[in-house]
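Protein chains in written order, with numbering that gives the first Met the number 0: chain A, 0 to 485; chain B, 0 to 485.
FYI, nobody ran anything at the bench for these hints, they're computed from the structure. Everything numeric in this text was worked out from a predicted model, so none of it was measured. Honestly, I wouldn't trust all of these hints.
[To be verified] Quick list of in silico lysine-lysine cross-link-like pairs, PhoX-like style, CA-CA up to 20 Å:
no.	chain 1	residue 1	chain 2	residue 2
1	A	K69	A	K27
2	B	K305	A	K410
3	A	K27	A	K11
4	A	K410	A	K154
5	B	K410	A	K350
6	B	K147	B	K305
Protein chains: 2
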Amino acid sequence: MRIVLLSGGSGKRLWPLSNDVRSKQFLKVVRNGDGEAESMLQRVFRQLGTAGFGADITIATSAAQVGSIKGQLGGQVSLVVEPERRNTFPAIALSAAYLYFEKKCPAHETVAVLPVDPYVGDGYFKMLKCLDTAVQDGIADIVLMGVKPTYPSEKYGYIIPADVDVKPGFDSGKTDMHRISDISGAWDKRMSDALAQDLGNAVTGGDVPRGSSPSGAAGIMPVEKFKEKPDARAAQELIGRGGLWNCGVFAFRLSYLMDIVRAAVECGCYADVLRQYSTFKKTSFDYAVVEKAKSVAVVPYDGEWKDLGTWNTLTEVMEEKPIGDVAVSGDCVNTHVINELEIPVVVMGAKDMVVVASPDGILVADKVQSSYIKKYVGDRDLRPMYEERSWGEYTVLNLSVDARGNRTVTKKKLVQAGKCMEETRHERHLEVWTVLSGRAVVRIKGRDHDALAGDTFTIERGILHGLRAVEDTVLLEVQIEEAETC
Amino acid sequence: MRIVLLSGGSGKRLWPLSNDVRSKQFLKVVRNGDGEAESMLQRVFRQLGTAGFGADITIATSAAQVGSIKGQLGGQVSLVVEPERRNTFPAIALSAAYLYFEKKCPAHETVAVLPVDPYVGDGYFKMLKCLDTAVQDGIADIVLMGVKPTYPSEKYGYIIPADVDVKPGFDSGKTDMHRISDISGAWDKRMSDALAQDLGNAVTGGDVPRGSSPSGAAGIMPVEKFKEKPDARAAQELIGRGGLWNCGVFAFRLSYLMDIVRAAVECGCYADVLRQYSTFKKTSFDYAVVEKAKSVAVVPYDGEWKDLGTWNTLTEVMEEKPIGDVAVSGDCVNTHVINELEIPVVVMGAKDMVVVASPDGILVADKVQSSYIKKYVGDRDLRPMYEERSWGEYTVLNLSVDARGNRTVTKKKLVQAGKCMEETRHERHLEVWTVLSGRAVVRIKGRDHDALAGDTFTIERGILHGLRAVEDTVLLEVQIEEAETC
Numbered sequence: 000m001r002i003v004l005l006s007g008g009s010g011k012r013l014w015p016l017s018n019d020v021r022s023k024q025f026l027k028v029v030r031n032g033d034g035e036a037e038s039m040l041q042r043v044f045r046q047l048g049t050a051g052f053g054a055d056i057t058i059a060t061s062a063a064q065v066g067s068i069k070g071q072l073g074g075q076v077s078l079v080v081e082p083e084r085r086n087t088f089p090a091i092a093l094s095a096a097y098l099y100f101e102k103k104c105p106a107h108e109t110v111a112v113l114p115v116d117p118y119v120g121d122g123y124f125k126m127l128k129c130l131d132t133a134v135q136d137g138i139a140d141i142v143l144m145g146v147k148p149t150y151p152s153e154k155y156g157y158i159i160p161a162d163v164d165v166k167p168g169f170d171s172g173k174t175d176m177h178r179i180s181d182i183s184g185a186w187d188k189r190m191s192d193a194l195a196q197d198l199g200n201a202v203t204g205g206d207v208p209r210g211s212s213p214s215g216a217a218g219i220m221p222v223e224k225f226k227e228k229p230d231a232r233a234a235q236e237l238i239g240r241g242g243l244w245n246c247g248v249f250a251f252r253l254s255y256l257m258d259i260v261r262a263a264v265e266c267g268c269y270a271d272v273l274r275q276y277s278t279f280k281k282t283s284f285d286y287a288v289v290e291k292a293k294s295v296a297v298v299p300y301d302g303e304w305k306d307l308g309t310w311n312t313l314t315e316v317m318e319e320k321p322i323g324d325v326a327v328s329g330d331c332v333n334t335h336v337i338n339e340l341e342i343p344v345v346v347m348g349a350k351d352m353v354v355v356a357s358p359d360g361i362l363v364a365d366k367v368q369s370s371y372i373k374k375y376v377g378d379r380d381l382r383p384m385y386e387e388r389s390w391g392e393y394t395v396l397n398l399s400v401d402a403r404g405n406r407t408v409t410k411k412k413l414v415q416a417g418k419c420m421e422e423t424r425h426e427r428h429l430e431v432w433t434v435l436s437g438r439a440v441v442r443i444k445g446r447d448h449d450a451l452a453g454d455t456f457t458i459e460r461g462i463l464h465g466l467r468a469v470e471d472t473v474l475l476e477v478q479i480e481e482a483e484t485c
Numbered sequence: 000m001r002i003v004l005l006s007g008g009s010g011k012r013l014w015p016l017s018n019d020v021r022s023k024q025f026l027k028v029v030r031n032g033d034g035e036a037e038s039m040l041q042r043v044f045r046q047l048g049t050a051g052f053g054a055d056i057t058i059a060t061s062a063a064q065v066g067s068i069k070g071q072l073g074g075q076v077s078l079v080v081e082p083e084r085r086n087t088f089p090a091i092a093l094s095a096a097y098l099y100f101e102k103k104c105p106a107h108e109t110v111a112v113l114p115v116d117p118y119v120g121d122g123y124f125k126m127l128k129c130l131d132t133a134v135q136d137g138i139a140d141i142v143l144m145g146v147k148p149t150y151p152s153e154k155y156g157y158i159i160p161a162d163v164d165v166k167p168g169f170d171s172g173k174t175d176m177h178r179i180s181d182i183s184g185a186w187d188k189r190m191s192d193a194l195a196q197d198l199g200n201a202v203t204g205g206d207v208p209r210g211s212s213p214s215g216a217a218g219i220m221p222v223e224k225f226k227e228k229p230d231a232r233a234a235q236e237l238i239g240r241g242g243l244w245n246c247g248v249f250a251f252r253l254s255y256l257m258d259i260v261r262a263a264v265e266c267g268c269y270a271d272v273l274r275q276y277s278t279f280k281k282t283s284f285d286y287a288v289v290e291k292a293k294s295v296a297v298v299p300y301d302g303e304w305k306d307l308g309t310w311n312t313l314t315e316v317m318e319e320k321p322i323g324d325v326a327v328s329g330d331c332v333n334t335h336v337i338n339e340l341e342i343p344v345v346v347m348g349a350k351d352m353v354v355v356a357s358p359d360g361i362l363v364a365d366k367v368q369s370s371y372i373k374k375y376v377g378d379r380d381l382r383p384m385y386e387e388r389s390w391g392e393y394t395v396l397n398l399s400v401d402a403r404g405n406r407t408v409t410k411k412k413l414v415q416a417g418k419c420m421e422e423t424r425h426e427r428h429l430e431v432w433t434v435l436s437g438r439a440v441v442r443i444k445g446r447d448h449d450a451l452a453g454d455t456f457t458i459e460r461g462i463l464h465g466l467r468a469v470e471d472t473v474l475l476e477v478q479i480e481e482a483e484t485c
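Sequences and hints are given; from them, build the entire structure.
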């Protein structure tokens, strides 16, 4: 089985830590067993390794995230880089083509697609083996994982399993309920029973799910339909009928998806698909594939699953110990503080709050209110003030525009020993580098210069320049762009 | 009458806006009649001008504050700069010597010493005329202003007026009550009555004090003793006896203090006093002079007086409209937000809080709790990250120490058109300047260089250098100090 991790989602809901390049999966706010801070990406990658899938992972992402991913996982990770952002269907289609053409993955193999950012127990990854078994046994074209709901959430999509004796008229009049075609035809009760045995074995191997009976909890079911974001009352009713949260985990045979890819674009190699990427419909995999599948099944997962999409939910899994240079008074209650700046933060007498300071901005919010953050940062031009790159990281120290409209950007860059900022040229701005510490070789117009603390380099517009760090090197970069360049 | 404003008090209670050079008097958080932000220093200076004392003001301060004072009031203000911090007695003694020797102020003139940072109505300054009259009439050696208490505060010092028929045994057994010697001897009931008439006239000329009868409110009284920070019950009792808050306003004849100065140091000119400054006892004017005076009188002031020493009291006189790049959700209640940083601050669902972000740090505090701030920032090494100087202002963008112990400081400096950073040399660090915008002339080793956006200047240790801004000029200054300089 191959694993495709979808690393998408530039988000504002975790502002100011998340921005266009720093999605929530890169935030190092949770801790591993050793108490070390790790990101959701690192956590999921580690958990997949523990579950035995370490060698089989491909990450589908955008160019903007490549630096962060390589910075956090190392350079060896297998990446599919979308030429542009086009939603999940094109991204998964591209990943399938990559596995098939580039990785020479056999067409009969199972591909499981997972979001990169759920906070889950290890049982979740063991459950992937059940999805693999179900796909290989031909139970359905698409096999989903469904999370047993813990409350009637209005935020999630629900997967509604069919009774095995499907009542054909059941609720089909509701147009916002997506009905899976031919469920009863595709389903075989005996297959389900046989599979339930496998699933039971798989899930009892490690984490014990919350359900009373492991094999019961793991029973695979045909899917009748989906319901997006019901109101609380409808959600309660769906849960009563066995409805499960759609957590975005899909499994299928590679051949099944390659047929769909070939129907969309003519292709004989990966480059063909890449080149025609912009012709794929900008639509979700749910809509383009799952809802059109002849048969869809779901494996329930009854263990820890959290969508850490808001400060309110994220802080639930964080220790209350503040992160960064922070002093918190003893009378603070249920308050989380994260400080990524180099200046101290003092919090006194706060209750049920989240305080987050980053180079992008400062949030002080009541936890419940924090879920409405988009209203306050949605319109802002969120230029990232901090980015991890393949060579290290940078922070924007200053942005300014003078009376004539000339713009300057001042960045502090840390280039790791042995890493390179590849040679490039800028047509719109000149750059001035001042080395603060470390040792590097600066290449300007093909000529190498030793660079030590106190050295400056002025790089005029259009001049090819790059840097290789001999030791960890910190430099200040000033970009100056004139209002009217001739 | 001459006015001496004491501009002291590096404070942490208004952290992160206040620091060692930026005391609370420099914070532009209150507004003048035109709605423009002004600092306490600017407000008091403006109010003194309105009261007719504009030409008679001398400010006693430390070298660290000279830049801020000149920046806020202009270069023409008369300054007495303490060679070192030694408390209020030496500072007032030095100011007296300055007025006497340098300003050739006649010895019989009244000197009124005022703190620079009370938030008061204009009536407070009109009351200074009453102090002048009392001093010139020889009512007492020292005449104080006493603020009519509005509640039994435990934070202030109390001035307890004597009954005119003094009961000699009254409370004298309490050792923490400072008793003024010879009160009954120095006091003449008829003088008091005559003066009350003058005082009544003075205060009814403008603001109407809160008291029911102007002449009654203004009645001058002999002082029996002082009590520092009583508990609430004792404070209530003192108020019952007519006790007043000591607001740090003292008036005396210049000759009276010059006698004390001459007793302390031998002197025939200002330079003599300046040179021997370190021999003055590090003690308060209250202790060294007021408590030892033969006769002390007090003029009550019954108008607006606020000691804006904590965020709780300061925000009482501030509009709730946030200052700086701030978004506040509609459900915030009684919350003040000040943002001096260039990144946005978002505050949601906060109640009774103060949120302040400055280059020095970030405070998020319940207003009542904010008065305990010293506990959380008291131990910190509060290197100022922002300073106003005579030539403009600077902000520290970055501080770092590398693995070898080399330190760098990166500052953004704004030098105002026509202003100079005087020539200087640094023995411990080299400097690199990068001009971001504007136009200036940089002088290095006596040679002038034109400086425009993108230009860099490397100034080795020990080299004389300065800058004159032709236009408003913004530059980045990197200081690099090696761990071991040879």
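Q | Unsatisfied constraints (hint numbers, rising) | A | When the structure is compared with the hints, numbers 2, 4 and 5 turn out to be violated.
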